[in-house]
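Taken in sequence, the protein lines are chains R and A. Numbers in the working numbering are just positions in the first sequence, counted from 1, shifted up by 1184. Numbers in the working numbering are just positions in the second sequence, counted from 1, shifted up by 1184.
Careful: at least some of the hints might be erroneous.
For chains that are exact copies, the list does not tell them apart, and a pair is met inside one copy or across any two.
Taking lysine-lysine and the BS3-like style, the derived pairs with C-alpha atoms no more than 25 Å apart in a straight line are [stated by the list, open to error]: (1) LYS1285 - LYS1383; (2) LYS1235 - LYS1261; (3) LYS1383 - LYS1261; (4) LYS1260 - LYS1392; (5) LYS1324 - LYS1306; (6) LYS1261 - LYS1193; (7) LYS1324 - LYS1392; (8) LYS1383 - LYS1193; (9) LYS1235 - LYS1190; (10) LYS1235 - LYS1392; (11) LYS1260 - LYS1221; (12) LYS1261 - LYS1324; (13) LYS1392 - LYS1261; (14) LYS1235 - LYS1221; (15) LYS1285 - LYS1309; (16) LYS1235 - LYS1193; (17) LYS1309 - LYS1260; (18) LYS1260 - LYS1190; (19) LYS1321 - LYS1309; (20) LYS1392 - LYS1325.
Derived from the structure by calculation, the hints contain no laboratory data. This structure is a prediction, so every number in the text was calculated from the model and none was measured.
Number of protein chains: 2
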Amino acid sequence: MHKKQKIPKATITRLSIYCRQLELLEFDGYRMVSSEKLAWLCQVNAAQVRKDLGYFGEFGVRGVGYDVRDLQIEIKKILAVNRGWNMGLVGIGNLGTALLKHQNFPDRGFRFVAAFDSDPEKIGKNLSSGFIVRDIKELKKTTQELNIGIGVIATPASGAQEVTNNLVDANICAILNFSPLQISAPDNCVVEHIDFTIKLDVLTYKLKYEIGL
Amino acid sequence: MHKKQKIPKATITRLSIYCRQLELLEFDGYRMVSSEKLAWLCQVNAAQVRKDLGYFGEFGVRGVGYDVRDLQIEIKKILAVNRGWNMGLVGIGNLGTALLKHQNFPDRGFRFVAAFDSDPEKIGKNLSSGFIVRDIKELKKTTQELNIGIGVIATPASGAQEVTNNLVDANICAILNFSPLQISAPDNCVVEHIDFTIKLDVLTYKLKYEIGL
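Could you build all of it, start to finish, from the sequences and the hints given here?
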């Protein structure tokens, strides 16, 4: 079983994808699924599915497959998403405003509970998502009051490091960073970056070398 | 030199990050940079920088480092971002609307040139980003007229596969998919997914296992 073994990040990403497909299978009334079928649904191969799950234990029955519901529960435990998470968003621009309304977050147990900005023109504004923009200065107090576990940065690059420092100061240990800045955070804080244009660079690279365009 | 060798995707992602830091270094007036400094700026180690670049050739001078401007140009060639790309967006919801206004795309040579939806209520609408929403039925014609190279999907999961089929039918070979669906596309089409909640699953996993929360 998994203790302190280093698990590849790609495995964690795939576990998340497996979990989504298992939810869809359950919704469609399936009780069992083979590693082949799960693999096909997730566009990987079956050996990969077995290897990824193998890091964490024995979940399937040889020749029968996986229990759709049980495997979901196990993966959610592994990913620590078997409980709800409260998130605070910093940076109320176009992207931030859209993220607050993005239905995928609450659908998956990630709920925005507060929105912050440092711009006096924005602070106090009522957003159509129902949030009132709070002063970034209230971040620490609000984090305690509302039990915020994850900070989401949707500011331009220029403000992102200062916001990171604010989040760390408010004892937030997990940051999802949508700004293009490679923010630096202390070791006791985990960061994931979502940089749209890096994905586009990967895409154009693949176009050139895999497709030959 | 790179021909058909399989390069790790993580390397491509890091090349994109190196390129951004090189731009910032150039902006700050630097002409040369050591692999150690570049690595530090990108939060990786120097051996990784040298290994990643080593896949593609010899770019540095031992004991001197890399030419900030030349290395940028070389990486942009590798990533095939040394020219502009026209993009079409499908799905004019909150996220799609925000993406059309997102400054990072044009800043990096990726320019939206058209926006599509299938909703009769949205088709023909003037967006504040300056776009008029086109009927998805015009996708193929518009793609030719405007030389669209990349399709961006910002629909809910339910519509994403049909949109993918439309994009493929319009001879678009590169898709950036913001929907949570694992879309399937033919082999001559490259796809990158940006699923915000998968990143959050990775984040909560790291919180649990790396930070112990």
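| request: List, from low to high, the hint numbers that the structure doesn't satisfy. | output: Result: hints 12 and 17 break, sorted rising.
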